[in-house]
Amino acid sequence: MSTTAATPQLGIYSQALLLRAERQRLIASNMANADTPGYAAREINFGDAMREATSGSSLPPLAVTHARHQALPGSGGMVAQVGYEVATQPSLDGNSVDMDRERSKFTDNAIRYESTLRFINSHVKTMLSAIQGQ
Amino acid sequence: MSMFSIFGISGSAVSAQAQRLNVVASNLANADAVAGPDGQPYKARQVLFQSQPQGPEGSAGVAVREIRQSDTPGRRTHNPAHPLADVEGYVTHSNVNPVEEMVNMISASRSYQNNVEVMNTAKSLLLKTLQMGQ
Numbered sequence: 016m017s018t019t020a021a022t023p024q025l026g027i028y029s030q031a032l033l034l035r036a037e038r039q040r041l042i043a044s045n046m047a048n049a050d051t052p053g054y055a056a057r058e059i060n061f062g063d064a065m066r067e068a069t070s071g072s073s074l075p076p077l078a079v080t081h082a083r084h085q086a087l088p089g090s091g092g093m094v095a096q097v098g099y100e101v102a103t104q105p106s107l108d109g110n111s112v113d114m115d116r117e118r119s120k121f122t123d124n125a126i127r128y129e130s131t132l133r134f135i136n137s138h139v140k141t142m143l144s145a146i147q148g149q
Numbered sequence: 774m775s776m777f778s779i780f781g782i783s784g785s786a787v788s789a790q791a792q793r794l795n796v797v798a799s800n801l802a803n804a805d806a807v808a809g810p811d812g813q814p815y816k817a818r819q820v821l822f823q824s825q826p827q828g829p830e831g832s833a834g835v836a837v838r839e840i841r842q843s844d845t846p847g848r849r850t851h852n853p854a855h856p857l858a859d860v861e862g863y864v865t866h867s868n869v870n871p872v873e874e875m876v877n878m879i880s881a882s883r884s885y886q887n888n889v890e891v892m893n894t895a896k897s898l899l900l901k902t903l904q905m906g907q
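Line by line, the protein sequences give chains A and B. In terms of our numbering, the first sequence opens at residue 16 and continues consecutively. In terms of our numbering, the second sequence opens at residue 774 and continues consecutively.
A portion of the hints provided could be inaccurate.
[Said to hold, decoys possible] Here are the simulated DSSO-like cross-link-like pairs (lysine-lysine), alpha carbons at most 27 angstroms apart as the crow flies:
no., chain 1, residue 1, chain 2, residue 2
1, B, 816, A, 140
2, B, 901, A, 120
3, B, 896, A, 140
4, B, 816, A, 120
Derived by calculation from the structure, the hints in this document are not laboratory data. Just so you know, these numbers come straight off a predicted model, no measurement behind them.
Looking at chain A on its own, in the form it has when it is part of the complex (with noise of 0.2 angstroms):
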């Protein structure tokens, strides 16, 4: 998705929120599926996900019409590359999801969530406050 923020920083904190709200809904989609047989949990890597969104080029993203086009790494698209989690104790029915792991990374998620949503609110005070030069 490419951005037209106000600010570069109001731009990578959209990112940043539109990606952790992506895997805020993973975490909960593998918290939903906690006793359904033969489920992997998806994860995806904030990090590469990240970089991969705002390394991108000025340019649009290139338009996906058809379902064998993959978007171009860095061309600017929302590209959360949604993999699977490597299960510490595989169990008898193939179901991959570690609860504990799952509850402790849905928590950590929600506070930078939050937290994320409070720099743009300091951000938008900030900029409030140059405009109004008060």
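Keeping the supplied structure of chain A fixed, place chain B upon it in accordance with the hints.
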């Protein structure tokens, strides 16, 4: 906004776990039932979960695929004085294993709680997102 699909994902999990709890309740209620005149005792039931793609790529909710009846033979006790004893004096009980059902119940209720917590967290994050920039 991908966070909204958390409610669908966790909601499906909560409903599936509630169904599992219902089945456990039914099994436990019939744990002491004996075979009626037709010779058919109560059979323990188990829910089978299946993940169900929901929301954007990578996330999945849960659906109950089927409720399967256990085929293990029921416990038989020799009690000729029992009104429902067969010609040899044996009474056939249901094949419910109360210990198994209690474990199932605890597991279902923990999963239910986890998913409710996920929804609460998603709700508070979304409410904070609504106040962005204020």
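Any hints this thing doesn't respect? Which numbers, in order? Numbers 1, 4, in rising order.
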